[in-house]
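Hey, can you work out the whole structure from these sequences and the hints?
4 protein chains.
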Amino acid sequence: MVGGGPGAGIAETHRTAMRLDDRYVMMAGVFSRDPEKSLTAARKLRIPEGRVYRDYAAMAEAESGRKDNRIDAVVIVTQTASHYEIARKFLKAGINVICDKPLCLKLVEAKELAALVEKNGLIFCLTHNYSGYAMVRQAARMVRNGELGRVKVVQAEHASGWASKLVEREAIPQAVWRTDPEVLGDASVLYDLGTHAHQLSRFVTGLEVTEVAAEMNQIVEGRAIKDNANLLLRFSNGARGTLWASMAAIGNEHGLRIRVYGDRGSLAWHHEDPHYLRYCPIDGAPQILAQGADWLSSDAKRWTRVGLGHPEGFFEAFANLYTEVADALLAKADGKAYAKTDLSFPDATDGARGVAFVESAMRSYEKGGGWTKVELV
Amino acid sequence: MVGGGPGAGIAETHRTAMRLDDRYVMMAGVFSRDPEKSLTAARKLRIPEGRVYRDYAAMAEAESGRKDNRIDAVVIVTQTASHYEIARKFLKAGINVICDKPLCLKLVEAKELAALVEKNGLIFCLTHNYSGYAMVRQAARMVRNGELGRVKVVQAEHASGWASKLVEREAIPQAVWRTDPEVLGDASVLYDLGTHAHQLSRFVTGLEVTEVAAEMNQIVEGRAIKDNANLLLRFSNGARGTLWASMAAIGNEHGLRIRVYGDRGSLAWHHEDPHYLRYCPIDGAPQILAQGADWLSSDAKRWTRVGLGHPEGFFEAFANLYTEVADALLAKADGKAYAKTDLSFPDATDGARGVAFVESAMRSYEKGGGWTKVELV
Amino acid sequence: MVGGGPGAGIAETHRTAMRLDDRYVMMAGVFSRDPEKSLTAARKLRIPEGRVYRDYAAMAEAESGRKDNRIDAVVIVTQTASHYEIARKFLKAGINVICDKPLCLKLVEAKELAALVEKNGLIFCLTHNYSGYAMVRQAARMVRNGELGRVKVVQAEHASGWASKLVEREAIPQAVWRTDPEVLGDASVLYDLGTHAHQLSRFVTGLEVTEVAAEMNQIVEGRAIKDNANLLLRFSNGARGTLWASMAAIGNEHGLRIRVYGDRGSLAWHHEDPHYLRYCPIDGAPQILAQGADWLSSDAKRWTRVGLGHPEGFFEAFANLYTEVADALLAKADGKAYAKTDLSFPDATDGARGVAFVESAMRSYEKGGGWTKVELV
Amino acid sequence: MVGGGPGAGIAETHRTAMRLDDRYVMMAGVFSRDPEKSLTAARKLRIPEGRVYRDYAAMAEAESGRKDNRIDAVVIVTQTASHYEIARKFLKAGINVICDKPLCLKLVEAKELAALVEKNGLIFCLTHNYSGYAMVRQAARMVRNGELGRVKVVQAEHASGWASKLVEREAIPQAVWRTDPEVLGDASVLYDLGTHAHQLSRFVTGLEVTEVAAEMNQIVEGRAIKDNANLLLRFSNGARGTLWASMAAIGNEHGLRIRVYGDRGSLAWHHEDPHYLRYCPIDGAPQILAQGADWLSSDAKRWTRVGLGHPEGFFEAFANLYTEVADALLAKADGKAYAKTDLSFPDATDGARGVAFVESAMRSYEKGGGWTKVELV
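Quick mapping for you: the protein sequence lines, in order, are chains A, B, C and D. Each residue of the first sequence is one higher than the last, beginning at 1 in this note's numbering. Each residue of the second sequence is one higher than the last, beginning at 1 in this note's numbering. Each residue of the third sequence is one higher than the last, beginning at 1 in this note's numbering. Each residue of the fourth sequence is one higher than the last, beginning at 1 in this note's numbering.
Among the hints, erroneous ones may be present.
You can't tell identical chains apart in this list, so a pair holds if it fits in one copy or across any two.
[What the hints assert, rightly or not] In silico SDA-like pairs for lysine to any residue, Cα to Cα no more than 25 angstroms straight-line: (1) Lys44 - Ala331; (2) Lys301 - Glu272; (3) Lys301 - Leu45; (4) Lys336 - Arg302; (5) Lys44 - Lys336; (6) Lys165 - Gly284; (7) Lys373 - Pro35; (8) Lys165 - Asp263; (9) Lys92 - Glu63; (10) Lys301 - His270; (11) Lys165 - Trp295.
Bear in mind the hints are in silico, worked out from the structure with no lab data behind them. Keep in mind the model is a prediction, meaning the values are calculated, not measured.
Now the structure itself:
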């Protein structure tokens, strides 16, 4: 693991996800730029001192050179701005990568990473964790099975209320860097939340967003950046839709949701109740599909641990990605090709498409609105 | 009443709304262009033969000339295309008007009607019935009271599933004219449904939509017009939002809903459960406000007939407008000025703004998207 | 109408229900024991002075003797305690009766009324208004169609929060008599609310409650009676269940709901959202059936005025009973037999069963619990 | 761990719960009566061969005799019938116990276990996992804080649909033993599900069930036992309520829920959406309290890993108990007294009260209903 020292919230989520299905052992890492802090964190995680490195470059070099007991993959949980250089280093060293999202902040860098993955035949997982939910898999399968007919309208939202106040003035690190005009700037809400809604739209529908028209504004006065974005979307099959990303939508909790309307049916999923999927066929009553039910697809069943009425949540969905990657890593270790399916975990290409999407949305907004193409990396 | 003969669904809704609070007696009318059908309808409604007219012009003339027992107002429930000329005739004859929505199909005509109302000092009610719901009044009052702080984001939808199939091929009159390219054309979904969402946004927030960027597409293949529209909105106070109008959103029932986010709180209302309002203050848990509760505003209480847990619905909301108009008509008959308040029933100006909104949205769409100003009539 | 002078809330509901579908004209009445008040009320209702009577007996006599323009039925909306004598008088005079619930306060009287109805071939409607909801009819039809298999468990509640405070001390008439130990006593909560849940159970399942075991307690301290009752039920087909009646369940709004479980499926209906029915077949996902949907039974469609997504509520359900009775009255006036079907409006026998149910529950409670038979009148 | 070999579903849940917060290392065990199977399971769990025992007695003896690296506690996940003897053995050997629920099948045995825990000063956790949910803790704290006033009515349900079909004929082991008249008999539904609802009622309200009146019936014909129970409850403070336990309530998913009504407010919690709590104060609107919100009690916050809108579910609640026990074990290892608080994890006394409850309910049912006292162990 690179990153994830004291106070790094998301790293603990990654570690919990790793533990949940008992498929990972953490063996090496750089947990902080401060060697003392790094060592302290490592001890707590029962990692031998000899495999705590002074920086990511040293780790990449040393681990790639090991004869045995080499790490199968590195987990990158640093701030977004450093993803590119760290991921590149490990990919060049021939080490598989699991990287927190978003992939990076420039499309040109994203493309380079995707190309490296391809060239070196490596496994790269971008932990767009919402793609791991059983009922998101169910939704994706139903769309691909044609149960909605042709997809015509997609309404996606990641409108959270987490920053409804000026939390950046409370010295909460995540709030400070996410609202810093020098770090992510106005694009922050799109990188942080918009990419989740974008990925969810793509994962569920199997379509690409090809054009975007964007508008932004500010909810919390005194904030240094825009904190709200409304987008119109055009999809690769001609479908249309909207995407709303916000960090200050009071009362919305986490606020990730998607509704997909085809010409034969519709689906709705809401992260606040992730074990349900509302499905409505054109010729019948709306149905409440619940995780664990007998009649779900194998894609949903594969990621259900207990059964009907035993809610699984955020950690389980995160763990689903990790477990899926573990299967891929083992297959690769056995010399088998890792077969990416239509519903596999998100990878570097998915990440690059997210970056392309944000860049295009920002261009649209900055030029005063209007349709802007999104490059399909 | 003008219109409302056999098969005219909305006319029966108007008549039910009139009866509900026992504030109206129907005394005259033209119920069909066919004199026989008109007379038959009149008999069923117990209207004396002498006050069944051959056409609206004859009715306007005769009724305006009566010395006693003259109608207090005419109700216009014909197809949209004829609203303008009928309303103009009655307004010129000095007769108050209650008119089904939308007001008409051209902004220039809408302005003329609004000016006539003003000049002749008449009462004009456009039956945007959703403004009549007790909990919509509650929402509007809470926004005006500042309970949401400054309004920042408005998400409005009237995405119905009523025309998810090619219902126009089943010879249902409402489906035929609403999908006829020669009648309303691609603007149909905006005139029919979009104006409801537009009016609801204005009524709840007290803001005007000043600019719009529009995109349309088609859900049901084989249909002669577009049946789906996604719009970005800019509001008069700088708020932003979206409006989704659709006639083919499978599984959405009627699909009218609004969410308003301020910098101090948020509100959500959904027509499918109209007796509830979800309110979330910035510093507390979301609350479920229910019609009939003690702590609601007098604006909500005025329009609540029974009380908590006794749901009122579509007809009651419609009746609320009629009863409010009855009060205004009586006041006027008593020589008192009719005092329009900040939450009064929608009038000709509201109607004109709806027409301006649709015209601007269509211009935006037809030019390939991009922000387009909406004239504030 | 007998009763329904100033301040009589339920009478206005009856009158609204009569008006809604325009099937009734009110022609005569006694609106108060105070002749002045009665006359004032009658004038407001546009009833000719000659048909305002000094008391119910005079009304029954005079109306039964009229040669023409005689009333088709009398509506009794007095307090429960006087229902018996008033209803008896009209029934003996050969006049059809529409009576507010509960029927009366003694089983022996209830039986006499039911027998009189039968003997005189009259129409008697007890306005158990919840049986009038379209989706309650849908539920009843689905059970009778076998869509739930054999009914095994019934969970019924009418646990309202209306008297969560000592409202009887606020001089609200309905609160005063309903908590008066001399009027209804501890049985009040069962007569007022329990009979609704009992009738709903019978109407939906087509089963009878044959045994009851009851427990009561008091929620609001200082109240003169018990205000909460929990009952175990045994049904005629061997099904089991519970019934909860309360007048002080904080936060429950009106609190009428029913859940029916068979061995092939289940149904749930909640008065707070009366246009929905949750249906779950044994082999599929739960479905949300909405009033107005294409796939509902004709029993539901008959009582739907507008359509999907246009909520109908309390008044419409009440009006449904009135309109159904109007059909029966017209049939009878035409000399046709009034054919009671399996889903017709509640009548005197239904009322008598409600009284028998309350009496048995009170006997069980007063003897310290344990199963007590309910007489099937 | 004792038990938890191949196919033992609940054991995997225990192990996942142990791993989630990284507070446990599994070091010894007997995973099956078949030594081969036990060894295979142990290897998969990376447990050294020397600490895989031939039976629980050998394990208790050997582990209690170890000088160092001794197990801190044993986890018992065998079938209910063997809990008593296994737990007794370890308790007598001075080893702390974590035991799956229900505690055992006879009150006399339950008392003995509770007494042994007390006498030997040991930690005993009965994994009534629903007591581990953050929002259940919140509910319990609010009741104890008096936010509901005096508790008056408790409505508890654990009405699952898991055995709505004759699943026992499909050779599913859990279904076979749970419907075997020789194992748990008619009491099965009460032991398996009823004790959860009973414990939840006690944990949330802080009250004891002192009397019960029970009725049972059968939903699935052909089953060898009763599968449905409806109970009336009397609580130690005079409150009343009901408890519904079922294994065949079609459409109910897991079906665990509780509603508590006091004279100042009410609370409702439903396991299907465990991150929400509906709270209604007597003088305000119902509120939706969500896990992770700022205004929750420290009892809820202590068991929240991520925050608002990031649902935690079944495993997290289970893990909460394990982590709480880990704290107690560490305190004890440090020679500190383990301080049981009013909201600590369920223990042997809680388990004994569950057994007493089931025995009393069965006595009530078998004697034909009527109130039966529940011994407060």
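Against the structure, the hints come out as follows:
1. Lys44 - Ala331: Between copies, since 19 angstroms is at most 25 angstroms while 31 angstroms is not.
2. Lys301 - Glu272: This pair counts as both: shortest intra-copy Cα distance 20 angstroms, inter-copy 18 angstroms.
3. Lys301 - Leu45: For lysine 301 and leucine 45, only the inter-copy Cα distance (24 angstroms) is at most 25 angstroms; the intra-copy one is 32 angstroms.
4. Lys336 - Arg302: within (21 angstroms within a copy, 44 angstroms between copies)
5. Lys44 - Lys336: between (35 angstroms within a copy, 23 angstroms between copies)
6. Lys165 - Gly284: Classified as between: cross-chain Cα gap 13 angstroms, same-chain 44 angstroms, threshold 25 angstroms.
7. Lys373 - Pro35: Answer is neither: 45 angstroms inside a copy and 59 angstroms across each miss the 25 angstroms cutoff.
8. Lys165 - Asp263: between (41 angstroms within a copy, 8 angstroms between copies)
9. Lys92 - Glu63: within (12 angstroms within a copy, 50 angstroms between copies)
10. Lys301 - His270: The answer is both: 19 angstroms in one copy and 23 angstroms across copies each meet 25 angstroms.
11. Lys165 - Trp295: Classified as between; 15 angstroms across copies, 43 angstroms inside a copy.
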